[in-house]
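> Given the coordinates of chain L, work out where chain G should sit on it, guided by the hints.
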Amino acid sequence: MAGLELLSDQGYRVDGRRAGELRKIQARMGVFAQADGSAYIEQGNTKALAVVYGPHEIRGSRARALPDRALVNCQYSSATFSTGERKRRPHGDRKSCEMGLQLRQTFEAAVLTQLHPRSQIDIYVQVLQADGGTYAACVNAATLAVLDAGIPMRDFVCACSAGFVDGTALADLSHVEEAAGGPQLALALLPSSGQIALLEMDARLHEDQLEQVLEAAAQAARDVHTLLDRVVRQHVQEASILLGD
Amino acid sequence: MLQKREKVLLLRTFQGRTLRIVREHYLRPSVPCNSPLCPQPAVCRNDGKLLSSDVTHYMIPDWKVVQDYLEILEFPELKGIIFMQTACQAVQHQRGRRQYNKLRNLLKDARHDCVLFANEFQQSCYLPRERGESMEKWQSRSIYNAATWYYHHCQDRMPIVMVTEDEEAIQQYGSETEGVFVISFKNYLDNFWPDLKATHELCESILQSRRERENESQESHGKEYPEHLPLEVLEAGIKSGRYIQGTLNVNKHRAQIEAFVRLQGASSKDSGLVSDILIHGMKARNRSIHGDVVVVELLPKNEWKGRTTALGENDGESPSEPMPTGRVVGILQKNWRDYVVTFPSKEEVQSQGKNARKILVTPWDYRIPKIRISTQQAEALQDFRVVVRIDSWESTSMYPSGHFVRVLGRIGDLEGEIATILVENSISVVPFSEAQMCEMPVNTTENPWKVSSEEERERKDLRKTHLVFSIDPRGCEDVDDTLSVRALDNGNLELGVHIADVTHFVTSHSYIDIEARTRATTYYLADRRYDMLPSILSADVCSLLGGVDRYAVSIMWELDKTSYEIKKVWYGRTIIRSAYKLFYEAAQELLDGNVDIVDDIPEFRDMDEKSRQAKLEELLWAIGKLTDIARHIRAKRDRCGALGLEGVEVCIQLDEKKNIHDLIPKQPLEVHETVAECMILANHWVAKKIYESFPRQALLRRHPPPHQEFFSELRECAKAKGFFIDTRSNKALADSLDNANDPNDPIVNWLLRSMATQAMSNALYFSTGSCAEEEFHHYGLALDKYTHFTSPIRRYSDIIVHRLLMAAISKDKKMEIKENLFSNKDLEELCRYINNRNRAAQHSQKQSTELFQCMYFKDKDPETEERCIADGVIYSIRTNGVLVFIPRFGIKGAAYLKNKDGLVISCSPDGHSEWKPGSLQRFQNKITSTTTGGESVTFHLFDHVTVRISVQASRCHSDTIRLEIISNKPYMMPDTELFQQSSLLLKSDLVKEVTRSMEEAQLAQEVKVNVIEKDYQKYCQTKGRSLYTLLEEIRDLALLDVSNSYGI
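Chains as they are written, first to last, in full-length UniProt numbering: chain L, 1 to 245; chain G, 1 to 1048.
Among these hints, one or two may not hold up.
[Claimed, not checked] With a cut-off of at most 20 Å between alpha-carbon atoms, the simulated EDC-like pairs for lysine to aspartate or glutamate come out as follows:
(1) G:Lys-825 with L:Asp-208
(2) G:Lys-4 with L:Asp-223
(3) G:Lys-108 with L:Asp-166
[To be verified] Listed next, with one range per pair, are the computed distances between beta-carbon atoms:
(4) L:Lys-87 with G:Val-430: 53 to 61 Å
(5) G:Gln-3 with L:Glu-207: 34 to 42 Å
(6) G:Arg-97 with L:Thr-83: 27 to 35 Å
(7) L:Glu-238 with G:Arg-97: 51 to 59 Å
(8) G:Gly-547 with L:Asp-166: 48 to 56 Å
(9) L:Lys-87 with G:Arg-131: 27 to 35 Å
(10) G:Gln-155 with L:Leu-205: 44 to 52 Å
(11) G:Phe-75 with L:Gly-20: 35 to 43 Å
(12) L:Arg-154 with G:Arg-242: 54 to 62 Å
(13) L:Glu-207 with G:Glu-178: 40 to 48 Å
(14) L:Pro-90 with G:Gln-89: 35 to 43 Å
Since the hints were derived computationally from the structure, they do not count as laboratory data.
None of these values were measured; they are calculated from a predicted model.
Glycine is no exception: its CB is placed at the ideal position from the N, C-alpha and C atoms.
Bound conformation, chain G alone:
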């Protein structure tokens, strides 16, 4: 039975009156205690997460500890934590939603050993607040009382440690009950976790930053920034149209001065603004940081400023015409994350004055302001990349203050830099834990994985009846997809796409599922990859390798024998045995009728001549038929008025996602297209199916049509070369891009295509419940519905789609739906998360490529090394320079025509350039540099020039590539090697060379290492690795080529 109590609250209304509110409060005899020691688990109704039973004590943090040290409580090493409801509510009320959500996620996370105890709803734990008792005292008293009850509830078998920051509470309760200890947090860490160094350091740094803040609030500084307005005023202002809400985007190249606010949704229509709003200067930015959701007030028109169009740090250029300018009046949501920073070097520290306990550190990301850290370890941390968090930014302080969290690695060291890229993109890739690996199936030589008889009964067996084969790049390990085609008895054809059945092994809400969801995708960096699933799944049990039995999810279409019209479709779980694991080149050779390649296919090697011939015939027929079908499917879609952008789209996507070293889209083999077409077909049909069954909670992928205004640059550029680009529809765009081909210069077309790609918006995952059906359209593929289904091994979205499809099938059969599906709201949130992770994956890939490029050029002397001089194409004109693309290395960068001393470039008749005094004049499609001597040189769009590549080293940020025009004539390559080939070769070359030189450097250091070893061990970051693993990773790179080829 519930007991009713009443709580009296005194609230203050906005008008300032006090309101007496009586609220009911119901108590119950039992709430779940979630302890394995519970004497009556049935009464407590413990379901869900339990505390683990192998702890020595339970820890109950006081409200203050939860508020201030939540970061430390997040360490998975701290076990047996019971959060009291009182403490959670204190966090919710006093620390805001962000912190509270962190706590909620912690409680939900099955990997952390912590539970919530709803003490305020428990009959004997609830204490009413007494008259005159302060909130803080009452909270501590409630928590202590609940701790005592909990101790007795577990029959005094488990000692309980209550951790508090309140000295009085320690004195008062310290020795009141035996078995319930009350100590301070610092004490607790010292006594119970003396070995957990990271927590101590974190605790120390939090304490220190708090002390600093207290000191500061006592000293009354002059204010650096205006105060933020209260939330009610902001909300009212946004509604009335006085203020505008948007996300702050800092300009990377002028982080100190320029930031833009991108408008969100409706507000842009109301205010009649088309462009973004410029925020000029740090003062107007008013303590907001890149990514925050801010509220902006527009300045009067006479104070509007223009944005700068000049390149880089050269100041004093005339800005463009004024645009809406504003200032930040409040921040709605702070998007602070972990930041990688660098401590200043010794000389800089001295210049910062004696007061060196507060140190200004420089974030790796240009867009983030410097952060004040108070630490004594500054000198020791000088040569390292370090992670910090921002605590607060008071209006009295020029810079935000933060605290030190952990060390990543040495500056300039490959591992350290890679870790930096990962942290900056919020990617966390710890090795899979033991609990996660325990859920994995076993497949060893002694104990091979086998198809279970139970599954054999439930699944359709295709092992005997179908010729299944896969086509992948050479050396691919994770084969997600296989194909089959055969003639049916009634003369029709049956086309099958069989996808690895990952969801069979990854059950919903298991540890591995949670981990995969957090990773969301496999991350491919330039020299390595971080798998979403453990290799036992990704490369073995799930992978549809040749000659072994595997579970699959299949889609099979029955096609008319002549028109290839789809008559029937079947979805379901199957067992398959892939007969051949082909690679693209081999498949293409077979398709072309060139059977010599057979020797390269391992499956054929051990066959005698006769059976080999028969098998080969069979395979040849299948591949031929498959290509034929794919051709027809595409042709039919074109005929039906469907827009044929796919070919182009594939290419563009390739360029965008792929390592940019593959610049020129390889004329894709027809086999590539065949496989891609089958996958698109499968994805499309699955999308249709799951949308039909779950109209409000299906995960689909849409590609919104691009904004026409973004195409203006593309049109201008094309005009310069005399092409007309029609951007009105995707079909028109594709056609006109095909036509815009300069026979003398293939790069032109490629550049135009990449510009078109840049103008397009990204494809996104979404939940069908939160979007109107018209918006489902996929612009690039010209399909009304599309999803991702074919690569569950490396994308989490595909796993969800698999579960949806399985649920849809069982719904059709009127069976109970086994899977618990996400609701629309949860799914939408998950989609947003996956989209975000995909972006992070792309960024990290790009950044790691740039890192390798820089490392490659770093030790080359630009003056002498022949490789540093290359041919470049101008693809954009700015007021003081041009943007140049170097096809050979796939590098894009800026080249100045005016240097820091104000000298401009001039070219002698033989093309060689010098710096001379003069002026620049910019036109629509060209830029002219005139020296005082009257010589002038003009650079047009798409001109070929010779550039010298050098590396601009930077201590705090990533190194950047610098380009310098040394001649206005195209660079003649000394070797006659084919352009395309060289660039392709170079990619792996470059990575290999860089990794090897790093390795050598490390070997050379070996002697010295003994001394440094300690440091390495201390931070566990940099470890010497064997050459073998390095080479393995280089081999993995091959995966890159493929994996995106149909990953539209």
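So that you can see chain L by itself, here it is in the shape it has in the complex:
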């Protein structure tokens, strides 16, 4: 892969996007009837499904209940067929645990948990196809599902990844770009207030460039917000037509 040119001299990325452009996003809410809320999202070739149950009573040990707010329980899993190589992915492996924790942190920051003390909210996310930016897709899918479930939130949580190649920040990395091994930053943003719900990066990047990459990711997250907002409005419109208002 050493010879691959992530950003050409003309400013095109491998798949023909320019540095700040997102992949195509398509999303649907309310895909399952039996769950309280559900959503499906495609970001390029990354596909994720999220379902939400709750708020309901604490299941299992009562001791876990929090006296002042609801417990947010997140589980992440990915399908055996989600990557190029077919591989069984057991539950509870390190990677999915970590992702679950990150999702939990994200949504604890966004959901108004203090409205439902001593109860539990379950968010289950499954990745059907992974082509880069799985965390972002999971967050975006879960946001829609939480909205679908009617659980009050401060704001949308919109996530997007960003990378850094040859002095330019790239928004919304695809799998090829991630695999090249440069720095990669994942950002979950509450767009209207501009607050950051989660920020994660696990490679070395010079301090001076962080701001530039962060700004690229934030801009991309705001763009994602515009799209998700459109999806929600359309969904509500359709629902209201069905209800016959």
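Coordinates of chain G only, in the frame set by chain L:
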């Protein structure tokens, strides 16, 4: 809006399984077309390079053409080329990074009229590959489709020629669309560029070499070399420590046998090896060429061999103790360049057999193996130096195969030989183009250049307030630096260094800037120079001449009146008018209080007595003060514990860079040191400033401390004379070198110094972002930060530093930074390039000097000519001879004590030597030759001997000087002329004499020339030149003396 498509790729993994990968592919309605005919430039967002509008057609090369004929497409005469993205990707995937980078640079280069069209990202140009369609077919189809779209996009106003090598494509698409023609490359050249002879020749030679290769691959030869290992295996092997990576260095004197691999970075520590690795023989070298980055496998210890310490071609000498030996298993990076070669003479061709279409040519550089060329012009090219390129080196072939590129000039002809030196050092100096000259300011008598009022407002005006003057060598044209000193109202002093403001005229990324960057420096050869900037800048508008207004970049320090402590410093752009253009000797005379010299200074000539006296007083004060300040600055640095190697350093650098005819460092005048000290101070302060403002992208210069082991030879030699050299620190080294002075023989000290210089590493430019701060140190000058700022007219690095300084100033003022600076990565790359060019400049200077030396001695008969006999000093001992330095001519060379017939030298009591049978015995500091008759003679280190100089002519390579010891007694010079003077005089004498004799020879030939004229015109290489230009060039030589005097 973007449209999403999906591409399915089938990749094979290393385990051999097939992997189905789905990749997204986004298409957009408009991509930049970069054509001036574009109907909607706003939609296409054409920014950057556009095709020129004065072409008759656009040319679109097919992928195959781009792969195979990129060299021809590089000709600037071919205009209006559109490279399709499909073709570029084919190059990237199939031809590797080197070729692809060449293409990228071509596209970036503003001088070439070619653009890239991203057809695969354009909605209507993209064609998905159909099921079962071969890659090649799909590529041709895509390119044709894009060509048609492009034609319609330009509203059918510009015919398009698609050039392909695919016969089927020509048939299929040839007449499909009107206005889009599909023809073969050969056809294209014949029809559109019938006059461009060079392209035709190149095309022919590429075709031929390809045909040969195809033929060969069909015939199955026995393999000459083992195959290279695949890249993954090499990388894994390097990681695991099984293989070692390094750069191949071929021993010039035993190119067939010995090569060494210099280890790179970390690998040397891991493997525990201290020395280089020996690669013995061509087989073990396995098709790698000098300069390649190779991967080596060590051989078992019992197969290790020693390196030879004997001189020259004499074989059969006992080698030294075994050293790590290895063989090449793979090449990571090929560093092939253009090579100058010579075709074999008629007799040799016949001996090569009837199959004379493939000819073995001999490269000028000894380190390069012979190259196989297939050409029919062999006979016509016999007497010429020719440039070739290597195409490939198959494992079935003994020698690499290549193709002929162009002719340089006749063998032995001065111009041809100089061109050879230039090509061998990859120096390209074409005259400045019209586009470049258009950017230049005008300064003629009708239309003189003036200071613009706009600049007058922005710059600090020093014309009235400061007495500015320059001190340079006599006759210098490009004055980069001027000085000023004055007393301030508060009693303090103000010292100013004013440097020509080149960046005002050379804006970043302009044509002239690109050209200067490519040249990187002004090249000084023995008899001429190649300027980095056009003479309108270098000798006129930028040059800080006396009595005219000029723009400058100034640094001014406020100094305490007694302690000369620096209180304040100011950097900025200024306008100055230099009052005096002094030369060193005159300045020194003035400093010594000898005012008679005044008559030699033109500025004083037209003054009446009174004002002259006043002005003179003023100037005398300034020079005196300046010297005083310089003295104090140095003394202070010494006191602060700073190491005082500068004096020595200047000398050594002088010796190293300067023409070696100036052997004994002239006791530098104090004025030299004064000016140098001011420049060092300026450079140092600028380095501090730009590092402060741009800690990660400033260009500085460092001089790494030398490796102690390299000093061992120096210590040994000094011991032979009873001196002790302490090399632990730069201060100790400088002191002990000063002490190692033999009162009877000044040459000893000089030789020791030059050995010390050789042991040191070179100073380098670097970008501060890629180096730790401790490593910034400049060993020679003993400064923590140093850069080059004071000669922007002849060094590109200084131009960059000027831009950085300007940006730093505007940053301080919170102004927008106008200059677009290089990022750390780009700057580091540029630094590496400039370092490389500087080395090339040094090599070419050295080689051209040697060329002149050889030409000088060539027509002297060594037996009779008195000048060919000279005094030499032995400075190194080898097993079968000694290395001798001849102070009078500045020549270093080998003298054998044992000749080819195995006879050794013996000396009769009166000193005269003869060859007799006998044996040699080598000791640490001496070598003894004993004849069978029992007579013996011993040569010690630093002994003076008499040598005879002759020239060993060589057809394929440069001629070399041969030395022969004719007596073991020092040679008494017949004339009482001072040694130093004679050598100084000789330098210009020699050049003059050689050039003149060449000129005469050419005049004599004039009659015959009519016949040869055709050839000359054909190759445009050798042209008779007027005596005037020759003399002009000789005058230019004066520049050499100076320019390096503080160019540390």
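> State for each hint whether it applies.
Hint by hint, here is what the structure shows:
1. G:Lys-825 with L:Asp-208: Holds, at about 15 Å.
2. G:Lys-4 with L:Asp-223: The given pair, whose Cα atoms are some 18 Å apart, holds under the 20 Å limit.
3. G:Lys-108 with L:Asp-166: Given pair Lys-108 of chain G, Asp-166 of chain L holds - Cα atoms ~16 Å apart, limit 20 Å.
4. L:Lys-87 with G:Val-430: 53 to 61 Å: Because 59 Å falls inside the window, the suggested range holds.
5. G:Gln-3 with L:Glu-207: 34 to 42 Å: holds, 39 Å
6. G:Arg-97 with L:Thr-83: 27 to 35 Å: holds, 29 Å
7. L:Glu-238 with G:Arg-97: 51 to 59 Å: At roughly 53 Å between Cβ atoms, Arg-97 of chain G and Glu-238 of chain L fall inside 51 to 59 Å, so the hint holds.
8. G:Gly-547 with L:Asp-166: 48 to 56 Å: Hint holds: Cβ distance 50 Å, inside 48 to 56 Å.
9. L:Lys-87 with G:Arg-131: 27 to 35 Å: holds, 29 Å
10. G:Gln-155 with L:Leu-205: 44 to 52 Å: Holds, since Gln-155 of chain G and Leu-205 of chain L (Cβ atoms, about 47 Å apart) stay within the stated range.
11. G:Phe-75 with L:Gly-20: 35 to 43 Å: holds, 38 Å
12. L:Arg-154 with G:Arg-242: 54 to 62 Å: holds, 58 Å
13. L:Glu-207 with G:Glu-178: 40 to 48 Å: For Glu-178 of chain G against Glu-207 of chain L, whose Cβ atoms are near 59 Å apart, the range 40 to 48 Å is violated.
14. L:Pro-90 with G:Gln-89: 35 to 43 Å: Since the Cβ atoms of Pro-90 of chain L and Gln-89 of chain G sit about 40 Å apart, the hinted range of 35 to 43 Å holds.
Hint check: a violation occurs at hint 13 only; the rest are consistent with the structure.
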